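Participant: Chains as they are written, first to last, in this note's numbering: chain A, 5 to 253; chain B, 2 to 306.
Keep in mind the hints are simulated off the structure, nothing from the lab. Remember, predicted model here, so these are calculated numbers, not experimental data. Warning: the hint list may mix true and false statements.
Unchecked claim - Per label pair, the in silico range of CB-to-CB distance: (1) K293(B) - H225(A): 32 to 42 Å; (2) Q227(A) - L85(B): 43 to 53 Å; (3) A200(A) - L101(B): 35 to 45 Å; (4) S222(A) - P161(B): 31 to 41 Å; (5) V93(B) - A84(A): 25 to 35 Å.
What the hints assert, rightly or not - In the SDA-like style, the derived pairs of lysine to any residue whose C-alpha atoms are separated by at most 25 Å in a straight line are: (6) K80(A) - S107(A); (7) K80(A) - E270(B); (8) K213(A) - E270(B); (9) K213(A) - P50(B); (10) K82(B) - R170(B); (11) K213(A) - N237(B); (12) K213(A) - F248(A); (13) K177(A) - T205(A); (14) K293(B) - K213(A); (15) K293(B) - K177(A); (16) K286(B) - K82(B); (17) K293(B) - L233(A); (18) K141(B) - N238(B); (19) K293(B) - D141(A).
C-beta: ideal position from N, C-alpha, C; glycine also.
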Amino acid sequence: MRSLAIGGLAVLAALVAGMQPSRGAEPLIADISEDLIAITTGFEGSDLLLFGTTEGEGEVIVVVRGAAEEVVVRRKARVAGIWINRDDVRFVEAPNFYHVASSGPIEELLPASVLSEAQIGVEQLVLETTNALDRDDAEAFRAALIRNQQRRGLYNETPGEVSFAGGRLFRTKVSFPANVQTGPYAAEVYLVDNGAIVSMTVTPLRVSKLGFEAEMFSFAHRQSALYGLIAIAVALMAGWLAGFVFRKA
Amino acid sequence: MNIYLPIAEMSVDVFLILGMGAGVGFLSGVFGVGGGFLMTPLLIFIGVPPAVAVGTEANQIVASSVSGVLAHMRRGNVDFKMGLILTAGGFVGSSAGVWLFTALRELGLVDLLIAICYVVFLGTIGALMLLESVRSMLRKRRSGGSGRKLHQHTWLHGLPFKVRFRRSRLYISALLPLGIGFAVGVLAAIMGVGGGYINVPAMIYVLGMPTAVVIGTSLFQIIFVTANVTFLQAVNNQTVDLVLALLLLTGAVIGAQLGTKAGARLPGEQLRGLLAVMVLGVCAKLGVDLVKTPEDIYSIGEGGA
């Protein structure tokens, strides 16, 4: 089951709207270079450019989130000398991608309470589990989830940099690795000033398999019996062809 | 040059995969085994999910076994009657194996099952083969001839349903090849192998088949068993990556042809000794991985979503 990780965002948007009396000009405009990342045969990951302008003073924080999915984290234990997956914890909704970038150190831009409410920064992610855990285990499994996702390049380890050009134009690069999941993503841009969120925008984007890749995947899942038979037929023909060619040689 | 694999959902180097296919294909041609016992661990080492490695490798072995069996058929080295009985057992065994595989995958234990199967079976078979080939090499050197008894009678020969296998010059119970076929089928499904390394020694030592027809007959059975595994893995787990399989088999069928020719020129005892050493090598590597403290004892489970 996939659903966008913007549950808390609706609350936040309302909060921002209440805080800021509307001005004539938009305080924050942001866009991305592509709103569709296509996984095709040559896909090796993709870099997006996220850019925009701000009206007036402020720093910028960018958060890109993937869809929230159920994730199982397993812990090995030694049983009779062999390492075996022993305990597992099910996280109900963990984003399958998480990237933060900012124009300054996040902790200095916003107080902890605001960071936590908006889930800005990997430490602030709300990761609920279905299993009842004691404090140590909860901490360990949570850290393991984040560590493993960082190792796969799906959560960024160090916050990226948002750079300003000409005072109000900002830009940042977001890298998606080759193992990125398909589905909806959301790029959130926050304009912050004096320890508060002044404005925010959300730009949706998608990662999709396209063309041959997409057709093969859906064929394998929708008509798996036919797919299996074709796989066998292809193998039989290839083997026969090779035998035939080499006999002549 | 990289290519994105649609089912494995990862990007791999085309030439690495082709090279792996050719190298393993060559060995499979020389030894008359499917080569899966090397390829499946290799695929897992480069990051292919174990379930996809097993399903895809079964598909690839279909192709390399077909091209291998053709070469043996031309020389008349296939006992079809024996092959069909082995296949009947293999169908039942491989179906049971895929069922077990699917069940353990849900529990996150399939990687462990694969590794333990490899260590136990490769270790046992490898050690036995190494012993046998060293012993026969020594015996040959000492006496210059074969001192091996042509035919040994054991309780196995008292089993009912005796059938005459003309090509193999045997008169034995059909239950024996059925049982061997079943066991090989289970392992094929779980380990992503053809099962040649079980088949070949079992046919030589348990059935007492002449060495000349063993490899061709084994390949014949492997075609049907791995085809069944391919089908069942595709239906139950959607873990057969056709793009990966095509790349592997492109390399493998070429390698296997060259290997079959090379194998015909090499002496049997040394061949068996060499295969035994390789089997033990893979076994040792996997065994160490089971016991060694992992870098991170936590991992994200596959198939959790």
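Participant: Does each hint fit the structure? Answer for all of them.
Facilitator: Hints versus structure:
1. K293(B) - H225(A): 32 to 42 Å: 36 Å, holds
2. Q227(A) - L85(B): 43 to 53 Å: Given range 43 to 53 Å: violated, Cβ gap about 30 Å.
3. A200(A) - L101(B): 35 to 45 Å: With a Cβ separation near 58 Å, A200(A) and L101(B) fall outside 35 to 45 Å, so the hint is violated.
4. S222(A) - P161(B): 31 to 41 Å: Violated, since S222(A) and P161(B) (Cβ atoms, about 51 Å apart) do not stay within the stated range.
5. V93(B) - A84(A): 25 to 35 Å: 32 Å, holds
6. K80(A) - S107(A): This hinted pair is violated, its Cα atoms lying about 40 Å apart.
7. K80(A) - E270(B): With Cα atoms ~42 Å apart, K80(A) and E270(B) exceed 25 Å; violated.
8. K213(A) - E270(B): 51 Å, violated
9. K213(A) - P50(B): The given pair, whose Cα atoms are some 19 Å apart, holds under the 25 Å limit.
10. K82(B) - R170(B): It holds: about 12 Å lies between the C-alpha atoms, which stays within 25 Å.
11. K213(A) - N237(B): Distance of about 22 Å is within 25 Å: holds.
12. K213(A) - F248(A): 37 Å, violated
13. K177(A) - T205(A): 17 Å, holds
14. K293(B) - K213(A): With Cα atoms ~38 Å apart, K293(B) and K213(A) exceed 25 Å; violated.
15. K293(B) - K177(A): Not satisfied, since the Cα-Cα distance of roughly 39 Å exceeds 25 Å.
16. K286(B) - K82(B): With a Cα-Cα distance of about 38 Å, the restraint between K286(B) and K82(B) is violated, given a limit of 25 Å.
17. K293(B) - L233(A): 40 Å, violated
18. K141(B) - N238(B): 50 Å, violated
19. K293(B) - D141(A): 23 Å, holds
Of the numbered hints stated above, those contradicted by the structure are hints 2, 3, 4, 6, 7, 8, 12, 14, 15, 16, 17, 18, listed in ascending order.
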